[in-house]
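Just so you know, the protein sequences line up as chains A and B, in that order.
Here our numbering runs 182 ahead of the position in the first sequence, where the first position is 1.
Here our numbering runs 155 ahead of the position in the second sequence, where the first position is 1.
No lab work stands behind these hints, which were simulated from the structure alone.
In this text the structure is predicted, and so the values were computed from the model without any measurement.
It is possible that part of the hints are untrue.
Stated by the list, open to error - Cβ pair distances, simulated, as ranges:
no. : chain 1 : residue 1 : chain 2 : residue 2 : range
1   : B       : 198       : A       : 747       : 48 to 58 Å
2   : A       : 641       : B       : 513       : 28 to 38 Å
3   : A       : 271       : B       : 376       : 47 to 57 Å
4   : B       : 311       : A       : 666       : 17 to 27 Å
5   : A       : 549       : B       : 187       : 48 to 58 Å
6   : B       : 412       : A       : 273       : 46 to 56 Å
7   : B       : 192       : A       : 273       : 46 to 56 Å
8   : B       : 259       : A       : 568       : 53 to 63 Å
9   : A       : 546       : B       : 513       : 25 to 35 Å
As the list claims (entries may be wrong) - Facing chain B, from chain A, some residues (calculated, C-beta under 7 Å):
no. : residue
10  : 245
11  : 248
12  : 291
13  : 295
14  : 307
15  : 341
16  : 343
17  : 583
Using N, Cα and C, we set each Cβ at its ideal position, and we do this for glycine too.
Here are the chains, one letter per residue:
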Amino acid sequence: MNGPAGAGPAERPVVEVRDLSVRMIATKTPIVSGVSFDVAERQTMGLVGESGSGKSTVAVALLGFARRGLEICGGSVRVGDVDVLQLSGDKLRDARGRLVSYVPQDPAAGLNPAHRIGGQLREAFSVHENLDKRELEDQLAELMRAVNLPSTKQFLRSYPHQLSGGQQQRVVIAIAFACRPRLIVLDEPTTGLDVTTQRYILEKINEMAADYGASAVYVSHDLPAVAQVASKTAVMYAGRIVEVASTAKLFGEPRHPYSAGLLKAAPSADETNRLVGIEGRPPRPGHWPSGCSYAPRCPRAQDDCRAEEPLLGPIEGDSLVRCLHPIPLESGAGLALTAAPRPEPLEGTAVQVSELIAGYGSKEILHDVAFGVPRGECTAIVGESGSGKTTLARCLVGLHSNWKGQITLNGQPLRKGAREREHEQLRRMQYIFQNPFGSLNPTMTVIENVEEPLRHFERLSPRDRRRKALDILDTVHLGKDFADILPSSISGGERQRVAVARALVVEPEVLVCDEITSALDVSVQALLIEQLRDLQLQRSLTMVFITHNLAVVRSIAQNAIVLQTGAIVEAGPTERVLDDPQHPYTRQLLEDLPRMEPSGQAAAVG
Amino acid sequence: MAADPLQVAPVDAVRHTATPSLRRRFSQALATRPILSMVLSRLALGAVTIILIAIIVYVATTVLPGDAATAILGHSATPERVAKLRAELGLDKPLLTRFWHWATNALSLNFGNSLGEAAPATSVGTVASNSVTSLASERIENSAVLVLVSAVISTVLGLLMGVYAAYRRDGFFDTVGSVFSLVASALPEFVVAIFCVLLFSTSVFHWFPAISVLEPGVSILSQPEKLVLPVLALVIVVTPYMFRMTRGAMIEALDSDYVEFARLKGASTARVALRHALPNALAPIIQVVGLNLLFLAGGIVLVETIFTYPGLGLMLVSAINGRNVTEIQYIVILLAVFYVLLNIVSDVCVLIVTPRRRYPR
Ligand code: SF4
Numbered sequence: 183m184n185g186p187a188g189a190g191p192a193e194r195p196v197v198e199v200r201d202l203s204v205r206m207i208a209t210k211t212p213i214v215s216g217v218s219f220d221v222a223e224r225q226t227m228g229l230v231g232e233s234g235s236g237k238s239t240v241a242v243a244l245l246g247f248a249r250r251g252l253e254i255c256g257g258s259v260r261v262g263d264v265d266v267l268q269l270s271g272d273k274l275r276d277a278r279g280r281l282v283s284y285v286p287q288d289p290a291a292g293l294n295p296a297h298r299i300g301g302q303l304r305e306a307f308s309v310h311e312n313l314d315k316r317e318l319e320d321q322l323a324e325l326m327r328a329v330n331l332p333s334t335k336q337f338l339r340s341y342p343h344q345l346s347g348g349q350q351q352r353v354v355i356a357i358a359f360a361c362r363p364r365l366i367v368l369d370e371p372t373t374g375l376d377v378t379t380q381r382y383i384l385e386k387i388n389e390m391a392a393d394y395g396a397s398a399v400y401v402s403h404d405l406p407a408v409a410q411v412a413s414k415t416a417v418m419y420a421g422r423i424v425e426v427a428s429t430a431k432l433f434g435e436p437r438h439p440y441s442a443g444l445l446k447a448a449p450s451a452d453e454t455n456r457l458v459g460i461e462g463r464p465p466r467p468g469h470w471p472s473g474c475s476y477a478p479r480c481p482r483a484q485d486d487c488r489a490e491e492p493l494l495g496p497i498e499g500d501s502l503v504r505c506l507h508p509i510p511l512e513s514g515a516g517l518a519l520t521a522a523p524r525p526e527p528l529e530g531t532a533v534q535v536s537e538l539i540a541g542y543g544s545k546e547i548l549h550d551v552a553f554g555v556p557r558g559e560c561t562a563i564v565g566e567s568g569s570g571k572t573t574l575a576r577c578l579v580g581l582h583s584n585w586k587g588q589i590t591l592n593g594q595p596l597r598k599g600a601r602e603r604e605h606e607q608l609r610r611m612q613y614i615f616q617n618p619f620g621s622l623n624p625t626m627t628v629i630e631n632v633e634e635p636l637r638h639f640e641r642l643s644p645r646d647r648r649r650k651a652l653d654i655l656d657t658v659h660l661g662k663d664f665a666d667i668l669p670s671s672i673s674g675g676e677r678q679r680v681a682v683a684r685a686l687v688v689e690p691e692v693l694v695c696d697e698i699t700s701a702l703d704v705s706v707q708a709l710l711i712e713q714l715r716d717l718q719l720q721r722s723l724t725m726v727f728i729t730h731n732l733a734v735v736r737s738i739a740q741n742a743i744v745l746q747t748g749a750i751v752e753a754g755p756t757e758r759v760l761d762d763p764q765h766p767y768t769r770q771l772l773e774d775l776p777r778m779e780p781s782g783q784a785a786a787v788g
Numbered sequence: 156m157a158a159d160p161l162q163v164a165p166v167d168a169v170r171h172t173a174t175p176s177l178r179r180r181f182s183q184a185l186a187t188r189p190i191l192s193m194v195l196s197r198l199a200l201g202a203v204t205i206i207l208i209a210i211i212v213y214v215a216t217t218v219l220p221g222d223a224a225t226a227i228l229g230h231s232a233t234p235e236r237v238a239k240l241r242a243e244l245g246l247d248k249p250l251l252t253r254f255w256h257w258a259t260n261a262l263s264l265n266f267g268n269s270l271g272e273a274a275p276a277t278s279v280g281t282v283a284s285n286s287v288t289s290l291a292s293e294r295i296e297n298s299a300v301l302v303l304v305s306a307v308i309s310t311v312l313g314l315l316m317g318v319y320a321a322y323r324r325d326g327f328f329d330t331v332g333s334v335f336s337l338v339a340s341a342l343p344e345f346v347v348a349i350f351c352v353l354l355f356s357t358s359v360f361h362w363f364p365a366i367s368v369l370e371p372g373v374s375i376l377s378q379p380e381k382l383v384l385p386v387l388a389l390v391i392v393v394t395p396y397m398f399r400m401t402r403g404a405m406i407e408a409l410d411s412d413y414v415e416f417a418r419l420k421g422a423s424t425a426r427v428a429l430r431h432a433l434p435n436a437l438a439p440i441i442q443v444v445g446l447n448l449l450f451l452a453g454g455i456v457l458v459e460t461i462f463t464y465p466g467l468g469l470m471l472v473s474a475i476n477g478r479n480v481t482e483i484q485y486i487v488i489l490l491a492v493f494y495v496l497l498n499i500v501s502d503v504c505v506l507i508v509t510p511r512r513r514y515p516r
C-alpha cells in the first residue's frame with residue numbers, strides 16, 4: 183500500500199478529496215455538497231466552521247462513514263492509492279483505523295465505559311492484525327511511550343472514568359495512531375480541555391503526526407487552535423468549502439467575506455477591540471438559498487450573488503475561494519478593528535465580597551475569597567473547570583446558600599439564600615445562566631419569558647408590561663417578530679439574548695453572567711458581547727462576567743480576577759493582569775493560550 | 156514541547172490515617188468495597204422491610220373476622236369449646252404478646268400448624284407434619300419450577316429479539332415486534348391464560364391439559380406437559396417487557412459515541428454490537444429481569460389459580476378463602492423475603508456490570 187505511485191510526481195498529495203457529498207436518506211436533503219481538498223504528506227489541514235456547517239459530517243465521511251439518517255452520495259476520498267468510498271464490507275472495516283483513523287470530539291464519551299483502557303488499546307491492533315501476545319504488548323508499550331502514558335498493568339487495568347480528561351484524550355490519540363495510518367481525522371479533539379492540557383495535546387498531535395508520517399485533518403470551530411496546528415486551512419459554510427488557503431494567508435488576508443467575518447468576530451487576548459459579529463444565522467439544510475448561501479448575511483453581496491452559485495476557484499495568491507466578489511488583496515482585508523470604548527468610571531463599589539467560604543456538604547470549594555466589584559465596570563472572574571467560579575456566581579445571587587463570610591450589595595449585607603433576601607435586592611442583581619436552552623421556560627413565548635420577572639417585581643397593567651418587554655427586546659436587537667414565538671424555534675444566540683432581555687427588564691444595577699457565551703459560535707458570541715458592552719455604556723451597568731476564556735476577558739472586562747482551585751491568585755485591572763501577570767498560574771494560562779497568529783511550528787511540520 | 160502537565164491518577168488509592176478509629180476504618184473499608192457496602196445496607200433495609208411486612212400481615216390476619224379457633228372448630232361449635240381452644244392456642248393473650256411469640260418462632264422457621272380442614276381438628280399441637288412449612292415445601296418447589304422456567308424462556312427470548320430489533324432498527328422484524336409487544340403487554344394475564352387454554356387445550360387444539368392438578372408427592376418435572384400452558388401464559392405476558400427494555404437499552408448504546416468510535420476504529424459490526432454496545436445495555440436489562448421475576452412471583456397467583464396448578468399462589472388463594480391464618484402469614488413472609496433477596500441480587504449484578512459505580516474515582 184505504501185509503494186510509490188509509479189514514477190509519478192512526488193508532489194502528488196497523499197489525500198485527495200473530490201466532490202464529497204452527503205445527504206439525508208429520507209428526504210435527499212444535501213448536508214455536505216461538493217467538498218474537495220488535498221492534504222500533502224505529513225501536512226495538517228484545518229477544517230474550520232461553525233455549528234451546522236457540516237464539518238463533522240465531512241470528518242466521518244473521510245472514513246467512509248455517515249451518521250444515522252445520512253448517506254454519502256457522491257465523490258471520492260483517495261488516501262494513498264485507495265479510494266475509501268469505493269471500499270465496502272471487510273475492506274472498508276479494515277481501512278478504518280489502519281488507513282484513516284479518527285479522534286473523536288469527546289474522549290470521555292468515545293471510550294467505552296464498560297471496558298478497561300488496556301482492552302480498548304489492544305483492540306486498536308487486534309481488529310486489524312493477528313499479533314502474538316509478545317508483539318502486541320511491545321507495540322502497546324511503544325505507543326504508550328509516544329503519548330507519555332505509563333504502560334503499567336495498573337494503568338491499563340483502569341477504566342476510562344478513572345482517568346483525567348487529558349489522559350483520556352491521549353488514550354484516544356494512541357488508539358488513532360496505533361496502526362500507523364496515513365491520514366488522521368481529528369474532530370474537535372480539544373473541546374472542553376483546559377488551555378494547558380489543550381496546548382499539550384495540540385503539540386502531541388503535531389509531534390506524533392511528524393513521527394508517524396501521517397497527514398492530518400483537524401476539524402474545529404476554534405480558530406486559534408487551528409492557527410496553531412495547521413499549515414493549511416479550509417473554511418466551511420452551509421455544507422460547502424468557501425475558502426482554502428495556507429493558514430498564514432487565511433488568517434492574515436482572508437479573501438472570502440465569511441472567513442473575514444469569522445476572524446473579526448474572534449476576540450483577541452492581546453487587544454481590546456470592538457468585535458464584529460455576523461448577523462443572521464446560517465441556512466439550515468433544506469433551506470439553502472439559491473445562489474451564494476452566504477448572501478443573506480454577506481456585507482459584500484450584490485445582485486448577481488443571489489442569481490448564481492459561485493464555484494470554488496483559484497484566485498491570485500494561491501487561494502481557492504467560492505465568491506463572486508472576494509475581498510481584494512492588500513485592502514487590509516477589512517480585518518481592521520476599532521478599539522473598544524471604556525465606560526465612564528463611577529464612584530464606589532457595587533458588590534463587595536469578603537471572607538467568602540463556600541462548599542457542598544463538607545467539601546470546601548471556595549477558600550476565603552475577597553474582592554470588590556467597582557460600580558459601572560465589568561469585572562471578569564476567570565478560572566478553569568474546578569476553580570469554583572460558578573459556585574462563586576451562585577453565592578452572589580443566592581442560588582447557593584451554603585456559605586460563610588459576607589457579600590454586600592451597595593453596602594448592605596446580603597442574606598445567604600435568594601429567598602431570604604429583600605425584594606429590592608433581588609431586583610438589583612440579576613443572573614444569566616450558562617445554558618441558553620435551560621434558562622428559558624419552553625412553554626412560554628419569548629415575550630412571556632421576558633415579562634415574567636416584571637410580575638414579581640413591579641405592579642404594571644398587562645399592557646404596560648408588554649410594552650416594557652417589547653422595548654427591552656428591541657434593545658437586544660430582537661424585534662417584535664420574536665415576541666410571540668416559543669424559545670424552541672429560535673437559535674442559541676437569540677435565546678441567550680432573550681435571557682439578557684429578561685434580566686434587564688427589571689432594570690438591575692448588577693448583572694451576573696455565568697459563562698454565557700461558551701455554548702455559542704464566535705460570530706454569535708461577538709454579537710452578544712458587543713450588545714452587553716453597549717448596554718453597559720448606556721445604562722452604567724455593573725457586570726460580573728464569569729468565564730474561562732481569557733480573550734473574552736480582554737474584550738469586555740475592565741477588571742480581572744483569576745481564580746484557581748477556589749482561591750484568588752491574582753486580581754487587578756485587565757490590562758495589568760493580562761499584560762504583566764504576576765502569578766505563575768496566570769502566566770501559564772496566558773502562555774498556553776493558542777493565538778491567532780499561525781505558529782512557526784505548524785509551518786515546520788508541513 | 157510543553158512539560159507534561161498531567162499526572163497519572165492513582166487507580167485505587169486507599170488513604171491510611173495514623174490511628175484510624177474502628178468506625179473510620181470500617182467506613183473506609185466500605186468505601187473501597189462498593190458491593191459489600193451496598194449488600195450490607197440493602198440487607199439492613201430488607202430486614203426492616205420484612206419486619207414491617209410481618210407486623211402488617213400479623214395484624215391484618217388477626218383482625219379478620221373469625222379467628223383460628225373458629226376456623227378449626229367450624230361455625231357449629233359451642234362457645235365454650237371455642238373459648239377452651241382459644242385459651243389453648245393462647246388467643247386470649249394481648250396482641251403484642253401473641254405477635255412476639257409468633258415472630259420469635261418464625262425466626263426459627265416455626266410458623267405454626269396449618270389450620271386447614273385436612274388437619275385433624277382435635278389433636279392440636281401433636282401433629283408435626285401438619286406444620287405450614289412442611290405443607291408448603293412441595294408447593295414452593297412447584298412454583299419455583301414454574302417461575303424459573305418462565306423466567307429463563309422469556310429472558311432468552313426477550314434478549315435475543317430485543318438485541319436483534321435494535322440492531323436492525325426500523326426494519327421489518329423491529330416494526331412487527333414492536334407492534335406485537337405493545338398489544339401483548341396490554342393484555343391482562345388472565346385473558347392470556349384463558350386464550351391459551353382455548354387455543355391449545357379445549358377448543359382448537361387438544362395438545363395439553365387445561366388444568367394442571369398434581370397428586371401430592373408427585374414432582375411437576377415428571378409430568379412436564381402440565382407445565383406447558385402455565386409457562387406459556389407467563390412467557391407471553393412477560394416477554395414483551397423484556398423485549399422492549401432490551402431494545403431500548405441497546406438502541407441507546409448503539410447510538411453512543413463509543414460505538415461510533417469503535418466502528419471508526421475498524422471493529423466489525425458483530426463486535427461492535429456484542430462487545431461494545433451490549434455490555435453497556437446490561438445494567439438496564441438486569442433491572443428488567445429482576446423486575447420480571449418479581450412480577451412473575453406475583454403473577455403465579457392468578458395463573459396458578461386459573462390452571463389449578465399446585466403452587467404457592469394457589470395455596471395462598473385457598474388459604475385466604477379458608478381463613479387459614481398461619482398459612483397466609485407464612486406465604487406472605489416467604490414472598491417478602493424473596494422480593495428483598497431478589498432486589499439485592501439484581502442490584503449487585505447491576506453494580507458488577509457498571510465499572511463507573513464499582514470503582515469510584
Ligand atoms: S458570492 Fe457574493 S454573497 Fe457570496 S460571499 Fe461572495 S460577495 Fe458575499
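The hints, checked one at a time:
1. Here the CB-CB span from residue 198 of chain B to residue 747 of chain A is close to 40 Å, at odds with the stated 48 to 58 Å.
2. Look at residue 641 of chain A against residue 513 of chain B: about 57 Å separates their beta carbons, and that is not inside 28 to 38 Å.
3. Distance hint for residue 271 of chain A and residue 376 of chain B: a CB-CB separation of about 48 Å, consistent with the stated range 47 to 57 Å.
4. Checked against the hint of 17 to 27 Å, the pair residue 311 of chain B and residue 666 of chain A fails, with Cβ atoms roughly 55 Å apart.
5. Between residue 549 of chain A and residue 187 of chain B the Cβ separation comes to about 28 Å, which falls outside the hinted range of 48 to 58 Å.
6. Between residue 412 of chain B and residue 273 of chain A the Cβ separation comes to about 25 Å, which falls outside the hinted range of 46 to 56 Å.
7. Roughly 50 Å separates the CB atoms of residue 192 of chain B and residue 273 of chain A, a value that falls within the hinted 46 to 56 Å.
8. At about 56 Å, the CB distance of residue 259 of chain B to residue 568 of chain A agrees with the hint of 53 to 63 Å.
9. Checked against the given bound of 25 to 35 Å, the beta carbons of residue 546 of chain A and residue 513 of chain B, roughly 28 Å apart, stay inside it.
10. The interface hint given for residue 245 of chain A is met, as the beta carbon of that residue sits about 5 Å from the closest beta carbon of chain B, less than 7 Å.
11. Taking 7 Å as the C-beta cut-off, the interface hint given for residue 248 of chain A is violated, the closest approach to chain B being about 11 Å.
12. Taking 7 Å as the C-beta cut-off, the interface hint given for residue 291 of chain A holds, the closest approach to chain B being about 4 Å.
13. For the restraint placing residue 295 of chain A at the interface with chain B, the shortest Cβ-Cβ distance is roughly 6 Å, inside the 7 Å limit, so the hint holds.
14. Nearest Cβ of chain B to the Cβ of residue 307 of chain A: about 10 Å, over the 7 Å cut. The hint is violated.
15. The beta carbon of residue 341 of chain A comes within 4 Å of a beta carbon in chain B, closer than 7 Å, and the hint placing it at the interface holds.
16. Restraint check, residue 343 of chain A versus chain B: the minimum CB separation of about 5 Å is within 7 Å; hint holds.
17. At its closest, the beta carbon of residue 583 of chain A sits 27 Å from a beta carbon of chain B; the interface hint therefore is violated under the 7 Å criterion.
Hint compliance for this structure: hints 1, 2, 4, 5, 6, 11, 14 and 17 are broken, all remaining hints hold.
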